[in-house]
Each structure stands twice: as structure tokens, then as C-alpha cells.
Amino acid sequence: MAGDGTKLPGTGRPAWPATELGARTVSGIVLGLLVLGATLNGGWIFAVIWFLAGLAVVGEWMAITRTGPHRPLLAIAGLVLLGVVAGARLAVPLPWLIGGVIAGLALLVALARPASGRIWAPASLACALVVALVPVLLRDDPRIGLAGPLWLFGVVWTTDIAAYFTGRTLGGPKLWPAVSPKKTWSGFCGGLLAATVVGGTVAAGARHLGATEALSIPLAAGLSALGSVMSQGGDLAESALKRAYGAKDSGRLIPGHGGVMDRLDGFFAAALLAGLLLVGLTLTGSS
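For what it's worth, the numbering used here labels the leading residue of the sequence shown as 1, then goes sequentially.
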């Protein structure tokens, strides 16, 4: 059987372990429904979910890199995340938010141990700020409506799912075996193609999702392809970090997936692209 951990007939490739695939599927569906429900609702529920996700990223990153003292650093990062996410929703002046972020980063650098922690602690907060803030800004922007976060989720989730199943089914040359031995070029291409189609589809229906400004389908498809590449690059970057510190997963919170950071590594990179696009849209609209 394909799910019993034996070889797939005629391929010589390992079959999908039934327990791993089942846990991955169930937890993925539950999380997906939770996020989609919160996205449709918007508001503070949506913001709180992403604040907690960002906080989890900081905690797991510091645990992987053995950065301490853990609780004080996590408390500082949490206060910064809370202030920025809440401040963005409450229209707090931008200089105040920037000042709070700079102060928080400075405290993390001053307190973090060992010496490498002075890099990893602020890096974890910077990553968490992108993870927590970009979805909220997209959802709250009246020009984008639901189309923004749904595009972001669609690109990242489709990339992940299509890359996983395409790579497992087709196999072939490894993408970067020294960093992530299981990832293949076939998976990379499958994720890229699927995300391009899904991203273009979301763009086609953007105005039906509340957007007042929509990208052309070719441009949206191109940006979706770029988002997919960045998402897979973020996945590889986290794999390199874990390998450097001898960690298999960032945590055990999500059955079949590992930690929160394991699910949001690619999301961070794609969200960074979405954030830059949002800044560009704002600057263009204000000029």
C-alpha cells in the first residue's frame, strides 16, 4: 500500500507513511478552516490570530538558536508585536510605531545571549512582524478587501501542497540536498505552476471579493509565480537554520507539520512580497 511506509510499486521511492500524511492532512484542514473563517470575519479576531502566530515564531526561533534569556526576550518581542498590530488597526501615527519597533530591537540586542543571539533575537522579531502585520494590513485595506489575504494564502498554500504531492509522486533530482534532502525540482516546478494558476484566478475575481483596485491577470500571475519562488526560498532558509542547529522541526504544536515556524517559513517570504506591493500601492495612490 502507498500509505504503509513501504516502496511505491515500480518506482523504488518511499511510500507516504499513513500516519504522517493523515495527521498532516487533518491538521492542515483544521488550520485552513480556522484561518479562512477568521479572514472572512476580519477585525480583531483576525488580528489576534496573527499576533499569536508571530509570537510563536519568535519563541520557536529563539528555541532553535538557543537564544536567551527566553522569557524576558519573548516578553519584549510580544509587547512590540502587540503594540504594532494593535497600533496599525487603531491608526496610531507611524513614527510612534517605528519608534517602538526600534526600541524593542535595541533591547533584544542588548539582552540576548550568547553573542549570536544578538543577531537571532532581532531577526526573529523582524520576521514575526512581517508574519503578524502584513495579513492584517491587507485585510483592513479597503482597496484590497478579501482579495489580498486570499491571494497570499492561496499562493503559499497551493505552493506547499502542490510541491509536496508533485515531489512525492514524480521524484527526480533534488532541489538542494545539503539543506533539504526531500525537496525536488519536480516539486518546486509543481508548486510554482499551481500557485501561478491560483494567484491569477484570485486576481480574476478580485472585484467580487471587495477589491476596488485589481491587478491585471497576467501581472497577478507573474507576481504569484514570484511569490511561489519566494515561499519555497523561505522554506529552504528555515531548513538551513534548523540544520545548522541540529533541529528537525521548529516545534511540535501542529501534528504532522511540526511547529508554527515550520508552517510559516514560506509564508513569511511571500508576505514580505505582499507587504512591498502594499507599500507600492500606497505610494502610487498618494502621489
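It should be emphasised that the hints constitute simulated quantities derived from the structure, not laboratory data. Values in this document were obtained by computation on a predicted structure and should not be read as measured data. Hints are supplied without guarantee of correctness; some may be wrong.
[Stated by the list, open to error] Computed beta-carbon distance windows for the label pairs:
#, residue 1, residue 2, range
1, Arg71, Lys248, 21 to 27 Å
2, Gly99, Leu31, 31 to 37 Å
3, Leu90, Leu111, 25 to 31 Å
4, Gly87, Thr169, 22 to 28 Å
5, Ala240, Leu94, 20 to 26 Å
6, Leu170, Ala240, 22 to 28 Å
7, Arg118, Ala86, 26 to 32 Å
8, Ala23, Thr212, 38 to 44 Å
9, Ala204, Leu283, 33 to 39 Å
10, Leu276, Gly87, 29 to 35 Å
11, Arg71, Asp249, 28 to 34 Å
12, Thr201, Pro142, 41 to 47 Å
13, Leu170, Ala23, 21 to 27 Å
14, Leu283, Leu90, 36 to 42 Å
Every residue, glycine too, gets a C-beta built ideally from N, C-alpha and C.
So, going through the hints one by one against the coordinates:
1. Arg71 with Lys248: 21 to 27 Å: 24 Å, holds
2. Gly99 with Leu31: 31 to 37 Å: Since Gly99 and Leu31 have Cβ atoms about 34 Å apart, the given range 31 to 37 Å holds.
3. Leu90 with Leu111: 25 to 31 Å: 28 Å, holds
4. Gly87 with Thr169: 22 to 28 Å: 46 Å, violated
5. Ala240 with Leu94: 20 to 26 Å: 33 Å, violated
6. Leu170 with Ala240: 22 to 28 Å: Hint holds: Cβ distance 24 Å, inside 22 to 28 Å.
7. Arg118 with Ala86: 26 to 32 Å: With a Cβ separation near 27 Å, Arg118 and Ala86 satisfy 26 to 32 Å, so the hint holds.
8. Ala23 with Thr212: 38 to 44 Å: 41 Å, holds
9. Ala204 with Leu283: 33 to 39 Å: Since Ala204 and Leu283 have Cβ atoms about 25 Å apart, the given range 33 to 39 Å is violated.
10. Leu276 with Gly87: 29 to 35 Å: 20 Å, violated
11. Arg71 with Asp249: 28 to 34 Å: 22 Å, violated
12. Thr201 with Pro142: 41 to 47 Å: Distance hint for Thr201, Pro142 is violated at roughly 22 Å.
13. Leu170 with Ala23: 21 to 27 Å: Given a distance of about 23 Å, which is inside 21 to 27 Å, the answer is holds.
14. Leu283 with Leu90: 36 to 42 Å: With Cβ atoms ~22 Å apart, the hint is violated.
When the structure is compared with the earlier hints, violations turn up for hints 4, 5, 9, 10, 11, 12 and 14 and for no others.
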